[in-house]
Amino acid sequence: MNRRRAGLAIAPAPHVHGGTAVPWVMLHVVIALLPVCLFACYVFGLAALAILVVATLSCVLAERLCVRSGVSTLGDGSALVTGLIYGLTLPPALPLWMVAVGGGVAIVIGKCLFGGLGGNAFNPALVGRVFLQAAFPAAMTGCWLAPLTEGRFSALPATTLAWPLLAPVDGSYDILSGATPLGAWKFAGVDTPLVDLVLGFSAGSTGETSAVLLFVGGLYLVMMRVVEWRIPVALLGSVALVSAGLHLHDAARHPDVLTVLCSGGLMIGAWFMATDPVASPLTAAGAWTYGLAIGLLVVLIRAASGQPEGVMYAILLGNAVAPHIDRWLQPRPYGMRGRRR
Amino acid sequence: MWRRSAFAGGVTPAPHKAQTRGLPIRQFPFAPLLLVPLLQHAGRPALAVVREGDEVERGALLARADGELSVPVHAPAAGRVRRIALMPSLAGAMVEGIYLEPFAGATQEVRAGVGCKLDRASAVEIVDAIQDAGIVGLGGAAFPTHAKLRLAPGLRVRMLIVNGAECEPYLTTDYRVMIEQAADIVLGMRYLLKACAAEQAVLAVEDGAADAAAGVLDAMPAGVPLSVRTLPARYPQGAEKLLIKALLAAEVPAGGLPIDVGALCINVATVAEIGRLLPHGRGIVERVVTISGPAVRDPGNYRIPLGTPLRFALEQVGMHEALSRVFLGGPMMGQPLASLDVPITKGISGFVAFTPAEQGATAPMWPCIHCGRCVSACPVQLNPCQLGLLARHGEVDTMRERFHLDQCFECGCCAYVCPAHIPLVQEFRAAKAELRRASARSNDGGAR
Numbered sequence: 001m002n003r004r005r006a007g008l009a010i011a012p013a014p015h016v017h018g019g020t021a022v023p024w025v026m027l028h029v030v031i032a033l034l035p036v037c038l039f040a041c042y043v044f045g046l047a048a049l050a051i052l053v054v055a056t057l058s059c060v061l062a063e064r065l066c067v068r069s070g071v072s073t074l075g076d077g078s079a080l081v082t083g084l085i086y087g088l089t090l091p092p093a094l095p096l097w098m099v100a101v102g103g104g105v106a107i108v109i110g111k112c113l114f115g116g117l118g119g120n121a122f123n124p125a126l127v128g129r130v131f132l133q134a135a136f137p138a139a140m141t142g143c144w145l146a147p148l149t150e151g152r153f154s155a156l157p158a159t160t161l162a163w164p165l166l167a168p169v170d171g172s173y174d175i176l177s178g179a180t181p182l183g184a185w186k187f188a189g190v191d192t193p194l195v196d197l198v199l200g201f202s203a204g205s206t207g208e209t210s211a212v213l214l215f216v217g218g219l220y221l222v223m224m225r226v227v228e229w230r231i232p233v234a235l236l237g238s239v240a241l242v243s244a245g246l247h248l249h250d251a252a253r254h255p256d257v258l259t260v261l262c263s264g265g266l267m268i269g270a271w272f273m274a275t276d277p278v279a280s281p282l283t284a285a286g287a288w289t290y291g292l293a294i295g296l297l298v299v300l301i302r303a304a305s306g307q308p309e310g311v312m313y314a315i316l317l318g319n320a321v322a323p324h325i326d327r328w329l330q331p332r333p334y335g336m337r338g339r340r341r
Numbered sequence: 001m002w003r004r005s006a007f008a009g010g011v012t013p014a015p016h017k018a019q020t021r022g023l024p025i026r027q028f029p030f031a032p033l034l035l036v037p038l039l040q041h042a043g044r045p046a047l048a049v050v051r052e053g054d055e056v057e058r059g060a061l062l063a064r065a066d067g068e069l070s071v072p073v074h075a076p077a078a079g080r081v082r083r084i085a086l087m088p089s090l091a092g093a094m095v096e097g098i099y100l101e102p103f104a105g106a107t108q109e110v111r112a113g114v115g116c117k118l119d120r121a122s123a124v125e126i127v128d129a130i131q132d133a134g135i136v137g138l139g140g141a142a143f144p145t146h147a148k149l150r151l152a153p154g155l156r157v158r159m160l161i162v163n164g165a166e167c168e169p170y171l172t173t174d175y176r177v178m179i180e181q182a183a184d185i186v187l188g189m190r191y192l193l194k195a196c197a198a199e200q201a202v203l204a205v206e207d208g209a210a211d212a213a214a215g216v217l218d219a220m221p222a223g224v225p226l227s228v229r230t231l232p233a234r235y236p237q238g239a240e241k242l243l244i245k246a247l248l249a250a251e252v253p254a255g256g257l258p259i260d261v262g263a264l265c266i267n268v269a270t271v272a273e274i275g276r277l278l279p280h281g282r283g284i285v286e287r288v289v290t291i292s293g294p295a296v297r298d299p300g301n302y303r304i305p306l307g308t309p310l311r312f313a314l315e316q317v318g319m320h321e322a323l324s325r326v327f328l329g330g331p332m333m334g335q336p337l338a339s340l341d342v343p344i345t346k347g348i349s350g351f352v353a354f355t356p357a358e359q360g361a362t363a364p365m366w367p368c369i370h371c372g373r374c375v376s377a378c379p380v381q382l383n384p385c386q387l388g389l390l391a392r393h394g395e396v397d398t399m400r401e402r403f404h405l406d407q408c409f410e411c412g413c414c415a416y417v418c419p420a421h422i423p424l425v426q427e428f429r430a431a432k433a434e435l436r437r438a439s440a441r442s443n444d445g446g447a448r
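Protein sequence lines correspond, in order, to chains A and B. For the first sequence, this note's numbering begins at 1 and goes up steadily by one. For the second sequence, this note's numbering begins at 1 and goes up steadily by one.
In isolation and in its complexed conformation, chain B is listed as follows (with noise of 0.2 Å):
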């Protein structure tokens, strides 16, 4: 049945997703070495509290927060401080992170700490509490959750939206979450609710996992002000963004915050570990990872500790000998991975391992046909057709200026519909890494 889009624009590729939504949610084993970053999350990095050679318990802490937008890291296993050094990084180049090395026959036993009892925590200590617990965005963007939550005075929180809508191809963390998890992603919900002192929660989610919704309402308990929502799929529905312009019909002003417009926006599976680990007053030592593609021989949602190397998590589930191409995420925004010796870190919420066959490697260029296609897919009413234009003519400024290609965030439909296969958000990529780089140049130039 085909039911009207909630926002504009967008594209509906194939989803992908029955390959992994059926199967339960396995816990991996320990690598023999695990690669702990100490910047995981957006904003600062944690301090380490632990020096070579000490010995740890799973869950114990590694590095402290240093000041608001910080973190702490937890120990993901029992085990022995290797080295504090660089490691290699996803971005590419190396940050600093500890090497910790697991006992032999160490237990999936997490240390627990002061827990904060939903009933008797004030909404300041519950907020502390998460970010004690170490606790960022799990959808992605693992923007720390407190500081969310840390509200400028006279700012409200009309609706806490938690976000299940899960609408890149392949994923289904946020489902099998969901299914496995309702009575966390209950208790979690309460306590996001104390903490923001929100009127009403929604739980959003896509067409496909309305029963896992279902059974997360049916968890509820009476009297807590949650309602369901499902929404036809349609990808970046998951984006905050647009999740707001479907829910609400209103939309985050340019350059603001979804609170500007009274919303929270929480990913599901975020809120399902602050309802695992705050009454234990645990730190997040693991996270679900779905593992897909046609080039995995076992696809399927995996528990892993943090800082498990790419390549270990590879072996564990099976990779087919054409293997050509790896990225974490999804296969419209993920990240392409240039080497698997980069560990998984609290933002990672699935990577997904292609053939040549699904590549299209060498796919010919046309000129742009000026179909508009892209102008219709964007979900940000931009003009990706312009955009394209004037950054193959190195206009950028233009690009900024007129065109606002600030407001890109990067979601790829553009280049997904093209006729012309032109490489149009990667030509935008390049164009705003050339203005960052011309602002520092700029910046470097004032110094002196």
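In isolation and in its complexed conformation, chain A is listed as follows (with noise of 0.2 Å):
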């Protein structure tokens, strides 16, 4: 009894927990994402596979080294949701130093200069991705792949290995590229085959081509209640609808709902992007908001730039308005309907 009087530990409540826990919820958007990267490794063979290890390193290292010496971070497994996030929106013959370069931007400025984990007002990994747009835009628009090259599970393109800040061989670019489905249709009035771009047999960056593999790996995390569902599906919906009115208005110009769904970085973005919960909105008509908002942008820059692709800058431009949208749209507390916040 005298051992008992000592040792009641006084806590609050609540006394129990739900049991979700972050490491557990980076654990299962990397289990989400895990199909996607086999499938890129299949299609685009061993630069997918170079490009998603060293960007996954790339990230690891750079919070290692950017939080101060004796705590670390790695085992919340942000780092490694980044990184793996990172490599599979980049195109997939992407010289790896830049790859190494572009992971090093996203974890230093995108996230540990805001604070770390749950500060970053960005996406961190289109921080990265966005930085080498700016930096390298013949790279980024040109080391494309074409799907299902022979040899590509025995050599690696010229350009994966070019050495630092020196320019790889004339044309090389050229010479590599499959276009994107979308900037054959926007440049050369190319249709790409319905099936290639719900399976994933077309060129793009390395994760995004497989709109089904994304959109299981997006239902998994709706079911698993990591991300809030109505982003994606606010996103989409208002994707869908608008491409549908401006298909039936000009459909020479513009591609049919189905085509513009499953290609680009649309399906990658709305289930593993925007979804971020760090940088999008808290409450559901937040979210709605949100989601719509990133939506019509996409559709905006897809038509009307100079770009074939614009799901990343919306996202980027939705992530800058989402603590605005949680400042209008604070929930209404019980017992307070009809009164002045």
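Wrong hints could be hidden among the right ones.
Claimed, not checked - Computed footprint of chain B on chain A; a stretch qualifies when at least three of its residues, placed anywhere within it, have a C-beta under 8 Å from a C-beta of chain B:
#1 117 to 127
#2 202 to 211
#3 320 to 333
Unchecked claim - A short, non-exhaustive set of chain B residues, derived as facing chain A with CB atoms under 10 Å:
#4 241
#5 323
#6 330
#7 340
#8 369
#9 402
In short, the hints are calculated from the structure, not lab data. We treat Cβ as the ideally placed atom computed from N, Cα and C, and that holds for glycine.
Dock the two chains into a complex; use the hints.
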């Protein structure tokens, strides 16, 4: 009895916990992405594998170096997730040194300078990618690989192992490229078969091609309650509605809805990047607004800008307004109907 | 089968009720010394009417009500008043109380007074009898029941809600009382219907207690306007405001009372006690308490004399050596105990004892990832994420003025769901305490 008297632990309620934890959340994202990664390696071969490995390692290493010694934040798994998503958004033949630089930027500027996990205003993976887009526009728009090429498991593309800051062999970008479906449509009026877009046998960023695998991964995250389902639903829904209208208006300039939904970075963006909890709104109403806004921006950029793809910019702009959406759309507390806040 | 929750937000913790719900209520013996605080309810402490050395019967008046918002205290056992002095309380401070030493061989017989007969008593007499019996809300709040029934002029009760929604894990007192005291509940409900002139009464229970509610309905004579509503199990459904939302789809206005939407909410064990005591003019001297949890050898529901020290109660049911944590009430809102020397009072519906295995003691904390789980879980639609951020920056005034901290009733859902394991509700409690201190300081300044 004496031992007990001394040993009562005092802690305030609640005395039980639902059991979720931040690493658990991150683990589910990794699980949802695994089929996408495997498929990317199958379609683009060693190049995709190298990109994913370098992207992940550079992010993890940058996080390790950024945080003061004696503290490790790697255990939360967020650097791993950022690295994987970042790698999946890159063109598969991108020089690996650029991949590493962008990974460092993603973590250091995109996350650690904001205070680390939970502090970042923008999705870190997209910060890395937008940096590369600005710094190496030629490589970022030229290093595409045609799907399922011969010898993809035995050799790397010449650009992959290019030396830092030395331009790769002249014209090698063009030799490599199968143009992406959106680029082919916008600049050459070429239509990619829908079945290839859905399954993912088309040129594009390492992990963006297979609409069906990304969709399944996203559904898994929704079912595990890891992501807010309203964001992809609002985003894809608004893209589909507006695209349908545009297609009806002028079918020669605007592709049909399914092509729009299954091409480019829309699926990976809608399920895996716009849903980044840190940079998206808190409330249900906020999630609808945010998804809708990103969807409209995607259509606007794709249809009216000089670029074939706009998902990246649309999500970053959405991230920028997310805190304001939170401020405008606070929940209405119980018993306060009709009162001024 | 999945059913939609009847109110927004909330969580569904593992119920852990199977250990105790099937066991009949067992009577407790008297402890060698009972500690009877004069304040066991919300309101003013009772005034002692006995002196040290007095000998009292079981059920005799020990202290009388001090004004409107107060109830009397009755002797939980036949015995001798040892001392009237300070004693330890749940809140930590020492409080005034009566040390009562039961006679050796004292029986459980309770002294009867002048009964309040249902068919002859007027509404006012019933309400007075409820106060004289010392009855308070037995669900946990311990608010004097008669005070709820004395309505301001112009207010009418449209629905009497008998609250059997025992949403906290482990607790099964309301369930057992419904199973074993259906007749008392029926009688108590008829007293209450007469006292408040309600148009109808509804007994609200959660899925797991549908059988108990059906038993109460069967015992109800024809012509009494009672219905039963079985709600999908969801914590914190038993909270008055949420139960009203679930049943009436109406919200109690902020700062208002259930009567503002025509509802009066009374816990089912309280109703049973009214039915048990009023016909005989007795006072409340004991209550049913669930003692459960992994550190308890013999979990169950026990009828325990008020004033029984917790240590004695735990010795009766047997504790595992590994006992590490005891709290009053359920694991979601239960108050932690620093000492086992406090007495069981009217508002205690159960206590749960944990071993270190349940604690997850050194679970690490991560940064907030803004996932919004707390916002979805908050049953009163606050923004715990933002409130937590403000709390960690010491912005307590903003928390109250712009984010409605006062509306938080500390149900703990936010902390329960937080994947970053941030102690949100704990931070809110601390912020409220700071606001109280600040307001006390400014009041002092004004007085000088």
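Going through the hints against the structure:
1. 117 to 127: Since three or more residues must qualify, the claim that chain B covers the stretch 117 to 127 of chain A holds, with 3 doing so at under 8 Å.
2. 202 to 211: violated (count 0)
3. 320 to 333: holds (count 5)
4. 241: holds, 6 Å
5. 323: Result: holds, 6 Å to nearest chain A Cβ.
6. 330: With a closest approach of 9 Å, the residue 330 (chain B) hint holds.
7. 340: holds, 7 Å
8. 369: holds, 5 Å
9. 402: The hint holds - residue 402 (chain B) has a Cβ within 10 Å of chain A, the shortest such distance being about 7 Å.
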